[in-house]
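Starting from the structure of chain A, add chain B where the hints point.
Protein chains in written order, with my numbering: chain A, 31 to 142; chain B, -13 to 100.
Rather than coming from a laboratory, the hints here were simulated on the basis of the structure. Treat the hints with caution; some may be incorrect.
[Said to hold, decoys possible] A few chain B residues facing chain A, derived, Cβ under 7 Å:
#1 Gly29
#2 Leu30
#3 Gly86
#4 Gly92
#5 Gln93
[To be verified] Quick list of simulated restraints, FRET-style, between CB atoms:
#6 Phe141(A) to Ser53(B): 37 to 47 Å
#7 Asp128(A) to Ser70(B): 23 to 33 Å
#8 Gly2(B) to Asn71(A): 22 to 32 Å
#9 Arg28(B) to Ser56(A): 16 to 26 Å
#10 Asn71(A) to Ser70(B): 12 to 22 Å
#11 Phe141(A) to Lys65(B): 41 to 51 Å
#12 Gln72(A) to Ser53(B): 20 to 30 Å
[As the list claims (entries may be wrong)] To list a few chain B residues with every Cβ distance to chain A over 10 Å, as calculated:
#13 Gln(-12)
#14 Leu(-3)
#15 Asn16
#16 Ile39
#17 Ser51
#18 Ser53
#19 Arg54
#20 Pro55
#21 Asp57
#22 Ile61
#23 Lys66
#24 Val100
Since this is a predicted model, take the numbers as computed values, not measurements. Glycine included, every Cβ here is placed at the ideal spot set by N, Cα and C.
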Amino acid sequence: AQSVTQLGSHVSVSEGALVLLRCNYSSSVPPYLFWYVQYPNQGLQLLLKYTTGATLVKGINGFEAEFKKSETSFHLTKPSAHMSDAAEYFCAVSVNTDKLIFGTGTRLQVFP
Amino acid sequence: SQTIHQWPATLVQPVGSPLSLECTVEGTSNPNLYWYRQAAGRGLQLLFYSVGIGQISSEVPQNLSASRPQDRQFILSSKKLLLSDSGFYLCAWSLAGRAGTEAFFGQGTRLTVV
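The shape of chain A in the complex, shown without the other chains (with noise of 0.2 Å):
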């Protein structure tokens, strides 16, 4: 069965400096990978996903990701950190048409 791991649970990081969120999958066949965002008491959304095809996936808001196989991992990075990325980050899997299984989660502080 897929899973995913997020190293860290907490992230705090200086307005403007990097951001690195981290994320290693377990998967026996070729993945999907997804992270969302998600601001206060609010759902879920999409970021970014890797299917097929270029391993650097540039999402929304200035966030790209990097699939790399060989270490099994998939971190998610922002060269400029902004007040406004404050909130919590999810890292997910799926494989085939099967449903999507997500990490426990990195929360992003980001200090003026």
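Quick look at chain B alone, frame taken from chain A:
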């Protein structure tokens, strides 16, 4: 365009009372439907998913049940709530039969069992 509606937004219920949360999707047919629960510090746990009317898969044994009486309606229920049922419940849908398709989420229901 497709939209998903989930209600109520917040709910406070006593222990032992019944529960019914409803979710409907507009603008698409035969979607996959999901119920997730988010508890503090535990991420997003898949509770139920459905690929069609009357077809429900349960992911974890618990005090809850789900039903899909119509193509775009998904209901989460309990006969007697427990304190441990408190959490943030999210309904979601995705396109059926499409590999790599993302899920689209409702705004969630904050359930507090007292």
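Quick check: does the Cβ-Cβ distance between Asn71(A) and Ser70(B) fall within 12 to 22 Å? holds, 21 Å
Cβ distance range 16 to 26 Å for Arg28(B) and Ser56(A), holds or violated: holds, 19 Å
Is it true that the C-beta distance of Gly2(B) to Asn71(A) lies inside 22 to 32 Å, as the hint says? holds, 26 Å
Interface-negative label, Ser51(B) against chain A, beta-carbon threshold 10 Å: holds, 18 Å
Do the numbers back the hint for Gly86(B), that is, is its least Cβ distance to chain A under 7 Å? This interface hint holds because 4 Å falls under the 7 Å limit.
Beyond 10 Å from every Cβ of chain A: is that where the Cβ of Arg54(B) lies? holds, 15 Å
Against the range 20 to 30 Å, how does the distance between the Cβ atoms of Gln72(A) and Ser53(B) compare: consistent or not? holds, 26 Å
Just double-check Ile61(B) for me: nearest Cβ-Cβ distance to chain A has to come out over 10 Å. Answer for Ile61(B): holds, closest chain A Cβ roughly 18 Å.
Using Cβ atoms and 10 Å as the threshold, tell me whether Pro55(B) really stays out of contact range of chain A. holds, 21 Å
Exclusion check [Val100(B) not at the chain A interface, CB over 10 Å]: Non-interface label on Val100(B) holds, nearest chain A Cβ at 19 Å vs cutoff 10 Å.
Least C-beta distance from Gln(-12)(B) to chain A larger than 10 Å: holds, 13 Å
Is the hint on Gln93(B) kept, meaning its closest Cβ partner in chain A is under 7 Å away? holds, 5 Å
The structure agrees with every numbered hint stated previously.
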